[in-house]
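**Student:** Construct all of the structure, not just a fragment, from the sequences and the given hints.
Read top to bottom, the protein sequences are chains B and D.
Heads up, the first sequence is in UniProt numbering, so the first residue is 1 and it goes up one at a time.
Heads up, the second sequence is in UniProt numbering, so the first residue is 1 and it goes up one at a time.
It is worth saying that the hints were derived from the structure and are not from the lab.
One or more hints might be untrue.
[Stated by the list, open to error] Derived DEER-like restraints, expressed as beta-carbon distance ranges:
no., chain 1, residue 1, chain 2, residue 2, range
1, D, Leu278, B, Asn37, 37 to 47 angstroms
2, D, Ser263, B, Gly85, 34 to 44 angstroms
3, D, Val272, B, Asp107, 57 to 67 angstroms
4, B, Ser6, D, Asn283, 19 to 29 angstroms
[Said to hold, decoys possible] If you want the footprint, here are the derived chain D segments under chain B, 3+ residues with CB under 8 angstroms:
no., segment
5, 167-181
6, 185-199
[As the list claims (entries may be wrong)] One side of the interface only, derived from the structure: several residues of chain B facing chain D at Cβ under 7 angstroms:
no., residue
7, Leu51
8, His72
9, Tyr81
10, Gly85
11, Lys91
12, Val110
Each residue gets a CB set at the ideal place from its N, CA and C atoms; glycine is no exception.
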Amino acid sequence: MLMQMSSMSAFYGKTQILRDFSFALDEGQCVCVLGRNGVGKTTLMRSIMGLTDRTTGQIEFAGRQIGELPTHERSRCGIGYIPQGRQIFGKLSVRENILLGSFARADGQVEVPEMCTSLFPYLAENLERRAGLLSGGQQQQLAIARALAVKPKVLLLDEPTDGIQPNIVAEIGETLRMLNKELGMTLILAEQHIKVARKLSDRFLMIDNGRVVAEGDIDELTDELVDEHMTV
Amino acid sequence: MDYSWAPLMGSLVLGLSIASIWLVAALGLTIIYGTAGVINMAHGEFIMLGAYAAYCAQAYLGTPFLLCLPISFVVVALIGLFFERVLIRYLYHRPLDTLLATWGVSLMLTQGVRMIFGSSPKYVQVPEFLSGNVSLGIMNMSSLRILIVLMTVVLIVGIWYLFYRTYFGIKIRAVTQNREMAASFGVNSERIYMCTFALGAGLAGVAGCLFSALAIVLPTMGSNYVVESFLVVVTGGGPLVGSIAASAMMGEFKSFFSYFFNSTFAQFLLFVLIVIVLRFRPNGLFANTAVRR
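**Tutor:** Right, here's the structure in full:
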């Protein structure tokens, strides 16, 4: 077991977003988090990172309780976060963005890992460019590269294909498949595109109103389930 | 050179000197405000403490003036660190309240220094080679003012290097832009703010040490510099380059207006000019559009 979340509740101010949320994740798995907008997918990611106002319940990660740790120490446990809307540092260069990712590395080595440059040749050729000048798809690549620089045990991907043109969506999907299937990296993927989710994931987690309403192997994700919890 | 142009050129050089004094006074404030968003009203008193640190080092330990510069830096940085730990760190999410809290700190510091050292002015001796004048061809300038210009350049290069060429600088800029994301990649923003505040205080200390030689050392001397420091930061908009541009502009205009009118009227014109600039660029010349808490 790589990560286990048990009876987690998360709040913004006094508003409760996640209610009694539990799930477990094995190493090497790709779990897809599904649900409509506003049911708590992003909050789930943020509460793993410790970015919500308040949480109760436990998160165990790689044999360590991280539920009480401050955000910067959680990332150092080996969690690579790719937030919604990418949130790269627009005023920093591509190189600086990736180096920043490696600040969270457990071994303390600061570098642009070879994996980032071989996965994303465009970034490798534009290391000195201001990240804010990149296109949306390139920024998403940078967000992934930055998270990979952490040398993470798990990648949290919050709608990585949101607002990105279709041909890049396929490219990013392929990158994620490669990371998961060939390099054995564990992924938690919040996704709206059911097709992408079906193609990539081993398991799914259906959320509605801050609770897990269904989970299982991805084959068990029936169209009825999708209709019930994802159709608006 | 045509004789009639020489005084005007001279006033431009003088403007550079004024600019460097205002800039060196504003450097610490720029860094603290630009990074942590703290409005540090005690900045003038940090300058004053730097001057007293230089005075003490010289009067009690016989330290030569140039060695007082690093001493002032360290002493005031430690004092800044102390106030950051016991007070400022609880106020990062309430930037406006930092204004009141640091104002209180400034009153405490002024009174505290007055209790310890009394209200009588203190003097800091400068070595022989700094007390004279240097001929610049068209005009004479005191070597101390030239030292201040040089020191300002050295400090700016140092800060630029720290901010843009070190890992610590990447962390500072990342925290300034997006604190949550910086934390998500292992940057301890509390520590960054702490170091930045101490650094800013230390820079005020260096400024105070320089000013101690320029004028007399008094418990209330901070208020002479704090207004110009804030004007530089506000007009510049927060980033270092903004403060450099703002102080250069203000110094030159002050000197330029003083050439045609008297100094008081020049000050008036300068303030009017700043109001006009802020009317059209309310966030300053180089507004920082960073995400703040």
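**Student:** If a hint holds in the structure, say so; if it does not, say that too.
**Tutor:** Going through the hints against the structure:
1. For Leu278(D) paired with Asn37(B), a C-beta distance near 41 angstroms keeps the hint of 37 to 47 angstroms intact.
2. Remark: the range hint 34 to 44 angstroms for Ser263(D) to Gly85(B) is contradicted by a beta-carbon distance near 53 angstroms.
3. Between Val272(D) and Asp107(B) the Cβ separation comes to about 58 angstroms, which falls inside the hinted range of 57 to 67 angstroms.
4. The hinted range of 19 to 29 angstroms is not satisfied by Ser6(B) and Asn283(D), whose Cβ atoms lie roughly 47 angstroms apart.
5. Given a C-beta distance limit of less than 8 angstroms, the hint that chain B covers the segment 167-181 of chain D holds, as 9 residues qualify and 3 suffice.
6. Coverage of the segment 185-199 of chain D by chain B holds. Counting CB-CB distances below 8 angstroms, 5 residues qualify, and the rule asks for three or more.
7. Because the closest C-beta pair between Leu51(B) and chain D is about 6 angstroms apart, less than 7 angstroms, the hint holds.
8. The beta carbon of His72(B) is positioned within 7 angstroms of a beta carbon in chain D (closest approach about 5 angstroms), and the interface hint is therefore held.
9. At about 5 angstroms, the closest approach between the beta carbon of Tyr81(B) and any beta carbon in chain D falls short of 7 angstroms, and the interface hint on this residue holds.
10. Residue-level restraint check for Gly85(B) is violated (minimum Cβ-Cβ distance to chain D is 10 angstroms; threshold 7 angstroms).
11. Proximity of Lys91(B) to chain D holds as hinted, the smallest CB-CB distance being about 6 angstroms (cut-off 7 angstroms).
12. For Val110(B), the shortest C-beta to C-beta distance to chain D is roughly 6 angstroms, which falls under 7 angstroms, so the interface hint holds.
Hint compliance for this structure: hints 2, 4 and 10 are broken, all remaining hints hold.
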